[in-house]
Amino acid sequence: MAIGANRIVPAVGIPHPLGSPEMSKPAEKSIRLKLVRKALRALITHIDKQTVFTD
Amino acid sequence: MKRVIHFLNQFFGQIGGEDHAGVGPQVREQPVGPGLALQAALGEKARVVATVICGDNYFAEQPEKATSEIIDLIRGFSPDLVFAGPAFNAGRYGPSCALVCKSVKEVLGVSAITGMYPENPGVELYKKDLVCIKTGPSAAGMRGAIASMTAIGLKLSEGEALTASETEQIIPRGVRKNFHSEKTGAARAIDMLLDKLAGRPYRTELAMPVFENVTPAQPIADLSKAKIALVTEGGIVPRGNPDRLESSRATKYLKYSIAGIDDLTAAEFQSVHGGYSNVYANEDPDRVLPVDALRECLKAGEIGGMAEYFFTTTGNGTTLDNSRRFGGEIARALKADNVDGVILTST
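Going line by line, the protein sequences match chains W and Z. If you read the first sequence in the working numbering, its first letter stands for residue 1, the second for the next number, and so on. If you read the second sequence in the working numbering, its first letter stands for residue 1, the second for the next number, and so on.
Everything labelled a hint here was simulated from the structure, so no lab data went into it. Careful: at least some of the hints might be erroneous.
Covered stretches of chain W, going by a simulated chain Z footprint (3 or more residues, C-beta under 8 Å) [what the hints assert, rightly or not]: (1) 7 to 14; (2) 17 to 25; (3) 30 to 36; (4) 40 to 47.
Predicted, not measured: the structure shown is a model, and the values here were computed from it. All C-beta atoms, glycine included, are put in the ideal place defined by N, C-alpha and C.
Build the full structure now, drawing on both the sequences and the hints.
Here is the structure:
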């Protein structure tokens with residue numbers, strides 16, 4: 001938020017924003033796909049101000 | 001003798017580096033690391049009764065929970081004054097020091113002080129609620145930072161007014177104080193103008209804010225026809241880092257091909273970012289740059305196209321000026337290549 005990004009999707013964690021190392025590979029991949037799809041949805045959503053896409 | 005608590009991250013708290021950034025709040029009933037210099041500066045006036053340490057990632061991933069746990073630990077020592085950091089230009093440590101100071105003041109009613117480089121994100125987030133000494137970007141400025149934090153911190157806990165030179169050492173909070181002036185505003189403005197024209201030093205009475213609000217881009221009309229690109233500040237580069245991307249304070253960004261690559265592998269890519277543990281990103285670079293997932297979206301027809309390259313830099317202590325330049329140049333290059341949307345991953 002502080003650096004001015006307008007469309008923000010909260011991710012998993014700092015060292016692995018799009019992964020969960022403790023999960024099985026297929027489960028981790030499905031989390032990653034979900035986050036990427038959420039980011040794509042953010043890109044097609046009209047916003048007037050900084051927006052955090054939580055779900 | 002006043003009772004002082006000192007808050008540190010896992011690194012300055014001497015627990016360890018990035019591999020220990022996940023540790024939760026803990027207490028040492030003695031000064032630790034920079035606390036030794038702090039205790040020396042405080043002398044007989046105050047004693048560092050305990051050091052509270054929290055890992056950078058533990059805090060950054062759950063700031064509210066971490067703050068409340070830290071406040072509970074601090075409360076137990078009934079301090080008169082709390083010091084946090086200094087955090088210099090550390091991007092997670094700064095906001096955590098700021099949030100601890102803010103909560104100490106609000107929840108416990110106790111004075112708190114920290115120190116940061118003016119570009120630390122913690123300043124932008126919390127400066128209104130903070131007494132924060134200006135420091136240099138790195139721990140090389142520790143001695144001076146501790147000296148001014150100590151002098152000003154002790155005054156705060158006594159409720160004493162700061163001198164003009166002490167106020168200069170603090171990051172402006174936007175607090176306005178009224179005072180009587182011999183001259184009217186018009187006369188002062190003319191004086192200032194004459195000083196400026198003559199090249200003499202002058203001081204504005206109304207500093208302009210430096211915020212940048214970017215108008216949100218219009219949404220993509222038809223995702224199934226859109227070309228999407230990946231950009232990251234997570235330091236992902238080909239294994240071996242052939243173009244020597246810096247691990248911190250980056251002076252450049254780089255562009256690498258992913259043509260024909262469906263999945264980033266540890267054999268071909270790695271992270272060189274110096275601000276987080278690279279273990280997970282090195283095992284599977286898709287955890288930072290999701291090439292495999294975006295390829296699937298492309299194959300499923302959810303998006304129309306994908307840039308066959310990515311832009312990368314290291315977002316770790318990178319100066320605002322450089323970041324601004326990277327952003328502008330990358331955006332222009334993407335636009336010239338008819339990219340409709342960008343997923344920028346951040347660590």
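Task: Claimed coverage, the segment 17 to 25 of chain W by chain Z - three or more beta carbons nearer than 8 Å - done: holds (count 4)
Open item on the list: Closer than 8 Å Cβ to Cβ for three or more residues is the test here. Does the segment 40 to 47 of chain W pass it with chain Z?
Closed with: holds (count 6)
- [ ] Examine the segment 7 to 14 of chain W: at least three residues should have C-beta closer than 8 Å to a C-beta of chain Z.
- [x] holds (count 4)
Open item on the list: Tell me whether the statement that chain Z covers the segment 30 to 36 of chain W is true, taking a Cβ distance below 8 Å and needing three residues at minimum.
Closed with: holds (count 4)
Figure legend: structure checked against the earlier numbered hints; every hint is met.
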